[in-house]
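Protein sequence lines correspond, in order, to chains A and B.
First residue of the first sequence? That's 36 in the working numbering, and the numbers climb one at a time after it.
First residue of the second sequence? That's 36 in the working numbering, and the numbers climb one at a time after it.
Take these hints with a grain of salt, some might be off.
Identical copies carry no separate label here, and so any pair may be met within one copy or between two of them.
Unchecked claim - Listed next, the in silico DSS-like pairs over lysine-lysine satisfying Cα-Cα at most 30 Å (straight line):
no.	residue 1	residue 2
1	88	362
2	351	287
3	265	362
4	88	77
5	265	118
6	362	287
7	118	287
8	118	351
9	269	362
10	388	88
11	77	362
12	88	389
13	265	88
14	265	392
15	269	77
16	88	269
17	118	77
18	287	392
19	392	88
20	389	77
21	88	287
The hints are simulated quantities; they were obtained by calculation from the structure and are not laboratory data.
Protein chains: 2
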Amino acid sequence: MNIGIIGAGQLGRMLALAGYPLGLRFTLLDPAADASGARVGKCIQGAYDDPVKLRELAAAVDVITFDVENVPVAAVAPIAELKPFYPQITALGVSQDRLSEKTLFRELRIPTPEFHAVDSLDDLQRAIATIGLPGVLKTRRLGYDGRGQYRLRNAADCDAAWQALGGVPLIYEAWVPFSREVSLIGARSIHGEVAIYPLAANSHEHGILHHTIAPYRNSDLQQQAETYLKRVFKHFGYVGILTIEFFVLRGKLIANEMAPRVHNSGHWTIEGACTSQFENHLRAICGLPLGSTAPLGHAAMVNFIGTIPARDAALKLTGLHLHDYDKQPRPARKLGHATAVLPSPAARDQTLKKMLKLARQ
Amino acid sequence: MNIGIIGAGQLGRMLALAGYPLGLRFTLLDPAADASGARVGKCIQGAYDDPVKLRELAAAVDVITFDVENVPVAAVAPIAELKPFYPQITALGVSQDRLSEKTLFRELRIPTPEFHAVDSLDDLQRAIATIGLPGVLKTRRLGYDGRGQYRLRNAADCDAAWQALGGVPLIYEAWVPFSREVSLIGARSIHGEVAIYPLAANSHEHGILHHTIAPYRNSDLQQQAETYLKRVFKHFGYVGILTIEFFVLRGKLIANEMAPRVHNSGHWTIEGACTSQFENHLRAICGLPLGSTAPLGHAAMVNFIGTIPARDAALKLTGLHLHDYDKQPRPARKLGHATAVLPSPAARDQTLKKMLKLARQ
């Protein structure tokens, strides 16, 4: 079975590496000649919205998925008619627009920060009057890793925020004074089978995921999160891995956003769970039985952003699993990550400290 | 860093899959256009002894290794002058000839079955007179997975054995009435660092490894085996993974053969040990720190020979990790394997039963 992946970043790379042992083959599509994922599978070089290249991809494979969520829906819709395309374009479309996403959360009774569409400075002032301050003005589309966001602390920030982001469709959201950020990742297969990982607790720096610990054990939050995830699964008849990021506020979850794909906060599952998120995504879209999501210990995952430690230094840390994406270093670029799986939370926290030191070297 | 692998079978494939996360790149050389390993890395199509293709490989990479031990030493010697070549050609040469191998074992005081070189029917009769019966007549070269062997139970078998194998250099070995077969796998790096896995217990069918359980815990045998492995390491100043297969006879080890490469009886280390044999081989030949060989539980590995179970059936077994080599089925061909890692020997044995049933479907 040949899997087509639109995008050959590190997620496509890790999907392919997880899929080869299942006997799957991969063809990726990416505009970059030296894409990370292109080093581990056949790659068609082309833009994500190039209709000729997309048809070439579709012709070569049995099922299509993607590793970037900013794939233009209009461009990929025609190939979704040619071959099975998972997760579905409907889910992809909703997740690309923060307004649609939050509107869906509201429809599905999934708590989300108060929000207001903003298309003008007037709208912004109205949004602030309704929702209050502090808040965050965000672009509705193409925002990721903290880009396209402006935090407003008081009314005087209004003009600067509009100057910074105005001109494209925006959304104003209430600032949530959260105590913690967690994410839930689950898979739903073509046959409707569902497998959900334990929650992960995430720490961001400059808007980019910096490190994750998992499992984050809290049976009450786990239950809330699973209920919400299943509502989204049901709504779309979803197929593949779905991630929802939540704020934790006074013991309750508030959904921040969803990603219709494998997620950085699930990289710990490669070594830390019985079946990785990458393998379960492939099993889901190929209609195979889903694998156990049971954790194998207490995992810590640290991202290497902008710079990657020397292999020697990294591999000296006992039990550290390095994932070098083989990408050219650039500031704020995710170049790799490392995971360690320990027998206890205390041992994990101790190792996490060493890993964080390594990431900052 | 670019790694060259002579041979693109399943071992080359699994080496590449283990090496990508370290940021390594791979170029393989194989005569088959549809080689298993060629699906996961760049592959030069050519014979193992084609001097032009070998030089092309050497030019493309920083260090060279191999996934087949029957690479002709004379053919690869010139490229070992061009680029680091590990494990060393000296070790490769010795392991290709059962007589040299057993002579080395004897020199290094590693117990081995009594043996006698056989180049004529007279030699065979002399060997039987010296060593006795039962015994096994084997080709000195190119034997693997039980091929090139003839078991002699009584003197009357002598002519038939000679008829079957005569004409090439042979070796006659005493039959060892062993209670168990075990193997020890260890790595030695360029810098002399050594990391050794726990023993694995192996079961063969028709001369081919069928299944393995690991760790096989016996501190006395583990110590004996490590002592012997280290003698071979020291003798060659060895670099890479080395495997020695032993018979167990009345609590003592008798070395049967060695393989200067990652080994089928070490496939359990992918999920069952902190660092896999594939990753440690790459770390060793790249001069990186070796990874922990600690087992993560009790592993069972079953080979799929001649036929591979349907993915659906295999993946329904909870905790089973499938490794489909993506090879065309042929009788007696290794097409894949599966590993399960369980918390106790009893749980492992129970799962092993199910896996054996699966392998026979």
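Hints versus structure:
Within a single copy, residue 88 and residue 362 get their C-alpha atoms as close as 23 Å, and across copies as close as 29 Å, so both meet the 30 Å cut-off. With identical chains, the CA atoms of residue 351 and residue 287 are never at most 30 Å apart, being 40 Å at best within one copy and 35 Å at best between copies. For the homomeric pair residue 265 and residue 362, neither the shortest alpha-carbon distance inside one copy (35 Å) nor that between copies (38 Å) is at most 30 Å. Taking the shortest alpha-carbon separations for residue 88 and residue 77, both the intra-copy value of 13 Å and the inter-copy value of 22 Å come in at or below 30 Å.
In this homomeric assembly, residue 265 and residue 118 come within 30 Å of each other (Cα to Cα) only inside a single copy, at 26 Å, whereas the closest approach across copies is 55 Å. Taking the shortest alpha-carbon separations for residue 362 and residue 287, neither the intra-copy value of 38 Å nor the inter-copy value of 51 Å comes in at or below 30 Å. Taking the shortest alpha-carbon separations for residue 118 and residue 287, neither the intra-copy value of 40 Å nor the inter-copy value of 60 Å comes in at or below 30 Å. Proximity of residue 118 to residue 351 under the C-alpha cut-off of 30 Å is restricted to the inter-copy arrangement: shortest distance 26 Å between copies versus 46 Å within a copy.
Neither within a single protomer nor between protomers do residue 269 and residue 362 lie at most 30 Å apart by alpha-carbon distance, with minima of 37 Å and 38 Å respectively. With identical chains, the CA atoms of residue 388 and residue 88 are never at most 30 Å apart, being 45 Å at best within one copy and 48 Å at best between copies. In this assembly of identical chains, residue 77 and residue 362 lie within 30 Å of each other by CA distance both inside one copy and across copies; the values are 17 Å within and 18 Å between. Taking the shortest alpha-carbon separations for residue 88 and residue 389, neither the intra-copy value of 44 Å nor the inter-copy value of 45 Å comes in at or below 30 Å.
Neither within a single protomer nor between protomers do residue 265 and residue 88 lie at most 30 Å apart by alpha-carbon distance, with minima of 35 Å and 55 Å respectively. In this assembly of identical chains, residue 265 and residue 392 lie within 30 Å of each other by CA distance neither inside one copy nor across copies; the values are 38 Å within and 35 Å between. In this assembly of identical chains, the alpha carbons of residue 269 and residue 77 never lie at most 30 Å apart, being 34 Å within a copy and 42 Å across copies at closest. Proximity of residue 88 and residue 269 under a CA criterion of 30 Å is satisfied in neither setting, with 32 Å inside one chain copy and 55 Å between copies.
Taking the closest pair of Cα atoms, residue 118 and residue 77 come within 30 Å of each other both inside a single copy (18 Å) and across two copies (28 Å). In this assembly of identical chains, residue 287 and residue 392 lie within 30 Å of each other by CA distance neither inside one copy nor across copies; the values are 32 Å within and 47 Å between. For the identical chains of this complex, residue 392 and residue 88 are neighbours neither inside a copy (43 Å) nor across copies (45 Å), given an alpha-carbon limit of 30 Å. Taking the closest pair of Cα atoms, residue 389 and residue 77 never come within 30 Å of each other, the shortest separation being 37 Å inside a single copy and 36 Å across copies.
In this assembly of identical chains, residue 88 and residue 287 lie within 30 Å of each other by CA distance neither inside one copy nor across copies; the values are 45 Å within and 63 Å between.
Of the numbered hints stated above, those contradicted by the structure are hints 2, 3, 6, 7, 9, 10, 12, 13, 14, 15, 16, 18, 19, 20, 21, listed in ascending order.
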